[in-house]
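**Q** Each chain, written out:
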Amino acid sequence: MEISGAEIVTRCLKEEGVEFVFGYPGGAVLEIYDAIHKQDFFKHVLVRHEQAAVHAADAYSRSSNKVGVALLTSGPGATNGITGIATAYMDSIPLIVISGQVGTPMIGSDAFQEVDMVGCSRPIVKHNFLVKDVRDLAATFKKAFHIATTGRPGPVVIDIPKDVTIHKTSFDYPKSVSIRSYNPPVKGHPGQIKKAAQLLADAKRPFVYVGGGAVIGNAGAEVTELVKLLNIPCTNTLMGLGALDGTDPNFVGMLGMHGTYEANLAMQYCDVLIAVGARFDDRVISVPNQFLSQAKKIVHIDIDPSSIAKRVKVDVPIVGDVKSVVGDLVNLLKESGQRPNEKALAGWWEQINEWRKPNSLLYTQDTEIIKPQYVVQKLWEVTDGQAIVTSDVGQHQMFAAQYYKFRRPRQWINSGGLGTMGFGLPAAMGAQMANPYAQVACITGEASIQMNIQELSTCKQYHIPVKIVNLNNRYLGMVRQWQEFFYGNRYSESYMDALPDFVKLAEAYGHIGMKIEKPSDVEPALREAFSEKLKDRLVFLDFITDQKANVFPMVQNGKGLNQMDLPEHMRGMQQVPFENNRDYGNLC
Amino acid sequence: MRHILSILIENEAGALSRVTGLFSARGYNIDSLTVQTTEDPTMSRMTIVTHGSDDIIEQITKQLNKLVEVVKVIDLNEADHIERELMLIKVRATGKERDEMKRMADIFRGRIIDVTEKSYTVELTGPGEKLDAFIKALDPATILETVRTGASGIGRGERILKI
Ligand SMILES: Cc1cc2nc3c(=O)[nH]c(=O)nc-3n(C[C@H](O)[C@H](O)[C@H](O)COP(=O)(O)OP(=O)(O)OC[C@H]3O[C@@H](n4cnc5c(N)ncnc54)[C@H](O)[C@@H]3O)c2cc1C
Ligand SMILES: Cc1ncc(C[n+]2csc(CCOP(=O)(O)OP(=O)(O)O)c2C)c(N)n1
Ligand SMILES: [Mg+2]
Chain A
2 MEISGAEIVT
12 RCLKEEGVEF
22 VFGYPGGAVL
32 EIYDAIHKQD
42 FFKHVLVRHE
52 QAAVHAADAY
62 SRSSNKVGVA
72 LLTSGPGATN
82 GITGIATAYM
92 DSIPLIVISG
102 QVGTPMIGSD
112 AFQEVDMVGC
122 SRPIVKHNFL
132 VKDVRDLAAT
142 FKKAFHIATT
152 GRPGPVVIDI
162 PKDVTIHKTS
172 FDYPKSVSIR
182 SYNPPVKGHP
192 GQIKKAAQLL
202 ADAKRPFVYV
212 GGGAVIGNAG
222 AEVTELVKLL
232 NIPCTNTLMG
242 LGALDGTDPN
252 FVGMLGMHGT
262 YEANLAMQYC
272 DVLIAVGARF
282 DDRVISVPNQ
292 FLSQAKKIVH
302 IDIDPSSIAK
312 RVKVDVPIVG
322 DVKSVVGDLV
332 NLLKESGQRP
342 NEKALAGWWE
352 QINEWRKPNS
362 LLYTQDTEII
372 KPQYVVQKLW
382 EVTDGQAIVT
392 SDVGQHQMFA
402 AQYYKFRRPR
412 QWINSGGLGT
422 MGFGLPAAMG
432 AQMANPYAQV
442 ACITGEASIQ
452 MNIQELSTCK
462 QYHIPVKIVN
472 LNNRYLGMVR
482 QWQEFFYGNR
492 YSESYMDALP
502 DFVKLAEAYG
512 HIGMKIEKPS
522 DVEPALREAF
532 SEKLKDRLVF
542 LDFITDQKAN
552 VFPMVQNGKG
562 LNQMDLPEHM
572 RGMQQVPFEN
582 NRDYGNLC
Chain B
17 MRHILSILIE
27 NEAGALSRVT
37 GLFSARGYNI
47 DSLTVQTTED
57 PTMSRMTIVT
67 HGSDDIIEQI
77 TKQLNKLVEV
87 VKVIDLNEAD
97 HIERELMLIK
107 VRATGKERDE
117 MKRMADIFRG
127 RIIDVTEKSY
137 TVELTGPGEK
147 LDAFIKALDP
157 ATILETVRTG
167 ASGIGRGERI
177 LKI
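Those protein sequence lines, which keep their order, are chains A and B. Per this note's numbering, the first sequence starts with residue 2, numbered consecutively. Per this note's numbering, the second sequence starts with residue 17, numbered consecutively.
It is possible that part of the hints are untrue.
Quick list of the computed label-pair ranges, beta carbon to beta carbon [to be verified]: (1) B/T162 / A/S110: 31 to 37 Å; (2) B/T36 / A/E355: 52 to 58 Å; (3) A/R181 / B/I128: 22 to 28 Å; (4) A/P77 / B/R164: 29 to 35 Å; (5) A/K39 / B/I176: 50 to 56 Å; (6) B/M17 / A/N332: 39 to 45 Å; (7) A/S337 / B/D71: 43 to 49 Å; (8) A/E336 / B/E94: 35 to 41 Å.
Within a straight-line C-alpha distance of at most 30 Å, the following computed DSSO-like cross-link-like pairs (lysine-lysine) qualify [as the list claims (entries may be wrong)]: (9) A/K195 / B/K88; (10) A/K324 / B/K82; (11) B/K118 / A/K188; (12) A/K133 / B/K134; (13) B/K112 / A/K133; (14) B/K82 / A/K311; (15) B/K82 / A/K188; (16) B/K134 / A/K314; (17) B/K134 / A/K176; (18) A/K143 / B/K178; (19) B/K134 / A/K143; (20) B/K146 / A/K188; (21) B/K82 / A/K195; (22) A/K176 / B/K82; (23) A/K39 / A/K15; (24) B/K178 / A/K311; (25) B/K112 / A/K196; (26) B/K88 / A/K176; (27) B/K106 / A/K196; (28) B/K112 / B/K82; (29) B/K112 / A/K314.
Hints were generated in silico from the structure; no laboratory data involved. A virtual CB, placed ideally from N, CA and C, is assigned to each residue, including glycine.
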């Protein structure tokens, strides 16, 4: 039996086990929408802006390890999706974006709502397809899902001209797929893994640096086993948070621009570094030369060879899937019994504990003004550290990363690589759809939330009961902080004037709004919002917070990890190993 | 340093633009690029001449390998190889210039492939430097038009790029 291209699209999605499609209709995809109307394999979620469709699908992937799907019409629908696609690309998130296109005979004629989507999205996708023949449609979907989810994951765009959705052919979904030019590695080279084990055995100051690859590669358990087996200190990048439990004694906090004192100094002064699915980003190591000025041996485990030796030269590159490679490394260490020197390791821990003592995340909550850190800490307590937390971009994002101690992978969902304001609310929607029984909180700022505020309407329509934690400082806080540090307090265009009344706004969309101005009201408000009574309601919590709070520690651009700007109670503190009598000479 | 990269790539619409897009997006240089299908019509062979530090060349190769349609990439500079380029050059050839031009083409083992009363078109193959030398040897005023293909390269002996 022959069926239309549009119907084939829905059947392919069914074959891939898709539960939700986030989308917005328009002329070029009306055939597909008609086919959607006639099926009940999956649910369609009508967003209010295409950018939100892509973010929601992206967060659906991030929070579940399934694949999010977004459906956009041609032209403006497709271009509205671009920011979402770039966001997913930068963080290596598997995603399928289906865009409509004008009919094949019209392509290239500047037809109504024509845009070269394959061209526009090329630099920000893992791969993309323009399907010109209905007979290629099913095989293209099979390939697209395969490419998006294997190797280093990423978004894949399938651009489908309208006539292709009308044409008919028989449907036969390929069982398997093989692409001769695409064979991502899985197993790491045994010889290299052996070398890594030997380096660890010889280490005096070993350190594990875990990134987003361990989260998207589902290697939380393996990483934890490695860290516990050898009892090594471990840090996570912003994208890796949750890979090792944030309350684990081996965890020294996030590292990087806003990393903890102990994590950044351990990164600088370790002698053997195991990098696991992390890419030595500039917001992590700042300047490579400064980072390497303290000699260290580096093992780098990454599935993408181009991530290795891109910013720093490494001693033992291991190309492979993090779950497989770290698993093999753990097994080898168990068999061989190789362990770092006990005495040296104890000294290293002593050092790290000294660095921990001053507590670089210390802040004081007075009785007058709500500190943003306090809200995040209370949120953690009220949700037992178990909520899925999404965020936008700015100071609130950093406070969320620092003060919500993530317990497991996929619990923390944010835009790290692109830093997309407007991500938080649609991401919370996607995460809630993927985890209907989880508590989902969106930590945001009064500026970011307004970049996709229209999604409050989507939340109403689909009864998405996320809790919005707005850290309202009336500033583009992160911008203001930089202007305070680097531009002589000239707050150029970083004050948010004429803010809406968020409580009324939430109510206008049919939700519950709360405004919280006193520190003593923070916890009660959170308890109420997360109470059984409001479990099915979206609650918008507008916390009026300290306007002048800054994020510390901070590594300024161009500075080293041992040149942090420290919080007030630590100003002027040395950023070197505390005792010189220990052996901090070169291992190499 | 100058490098010649040989790339086997699926002969698919858009594949070429992925390669050139990669170079421009990441700020790499393309000195020349040639491409044609191979004996297997589903596969194209591309030669890209580029330059950059060893680190950059390493990144270029890795990034090229990451493109889904790229089957294989080799850096010809890593071993013995041969490179050739084709040039068609149209020169003014009137009066006593005609003999002179003919002699020059002979010296460089060029072939005159089109003749009019006023001009010759010379076909010349060789490494890029040889073509440069030919151009240099001519009086610039006599050159009417030049077309060069850019280098094509192949490994010497048993070194073969194939799937
Ligand atoms: C305002 C702001 C401030 C920031 N401050 C900080 C900061 O202080 N600290 C910080 O860490 N970040 C910070 N970031 C984020 C930063 O920009 C980067 O996004 C982040 O550091 C990159 O994380 P990552 O190295 O874990 O790499 P990701 O971007 O998560 O990359 C994952 C890596 O793992 C690899 N990989 C993927 N899958 C696998 C697999 N299965 N097996 C093996 N490897 C795999 C990929 O190839 C890639 O190399 C900030 C961002 C913003 C917006
Ligand atoms: C789409 C987009 N535009 C601009 C920026 C630059 N930017 C980064 S943080 C920030 C301010 C965010 O303000 P707010 O949401 O109130 O968060 P705060 O820093 O105050 O917590 C801006 C403008 C960005 N990251 N994304
Ligand atoms: Mg703000």
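**Q** Now tell me if each hint is right for this structure.
**A** Cross-check of the supplied hints:
| no. | hint | verdict |
| --- | --- | --- |
| 1 | B/T162 / A/S110: 31 to 37 Å | 36 Å, holds |
| 2 | B/T36 / A/E355: 52 to 58 Å | 54 Å, holds |
| 3 | A/R181 / B/I128: 22 to 28 Å | 44 Å, violated |
| 4 | A/P77 / B/R164: 29 to 35 Å | 43 Å, violated |
| 5 | A/K39 / B/I176: 50 to 56 Å | 54 Å, holds |
| 6 | B/M17 / A/N332: 39 to 45 Å | 42 Å, holds |
| 7 | A/S337 / B/D71: 43 to 49 Å | 34 Å, violated |
| 8 | A/E336 / B/E94: 35 to 41 Å | 37 Å, holds |
| 9 | A/K195 / B/K88 | 28 Å, holds |
| 10 | A/K324 / B/K82 | 21 Å, holds |
| 11 | B/K118 / A/K188 | 62 Å, violated |
| 12 | A/K133 / B/K134 | 49 Å, violated |
| 13 | B/K112 / A/K133 | 59 Å, violated |
| 14 | B/K82 / A/K311 | 14 Å, holds |
| 15 | B/K82 / A/K188 | 18 Å, holds |
| 16 | B/K134 / A/K314 | 60 Å, violated |
| 17 | B/K134 / A/K176 | 66 Å, violated |
| 18 | A/K143 / B/K178 | 27 Å, holds |
| 19 | B/K134 / A/K143 | 61 Å, violated |
| 20 | B/K146 / A/K188 | 47 Å, violated |
| 21 | B/K82 / A/K195 | 27 Å, holds |
| 22 | A/K176 / B/K82 | 25 Å, holds |
| 23 | A/K39 / A/K15 | 13 Å, holds |
| 24 | B/K178 / A/K311 | 28 Å, holds |
| 25 | B/K112 / A/K196 | 73 Å, violated |
| 26 | B/K88 / A/K176 | 26 Å, holds |
| 27 | B/K106 / A/K196 | 61 Å, violated |
| 28 | B/K112 / B/K82 | 57 Å, violated |
| 29 | B/K112 / A/K314 | 62 Å, violated |
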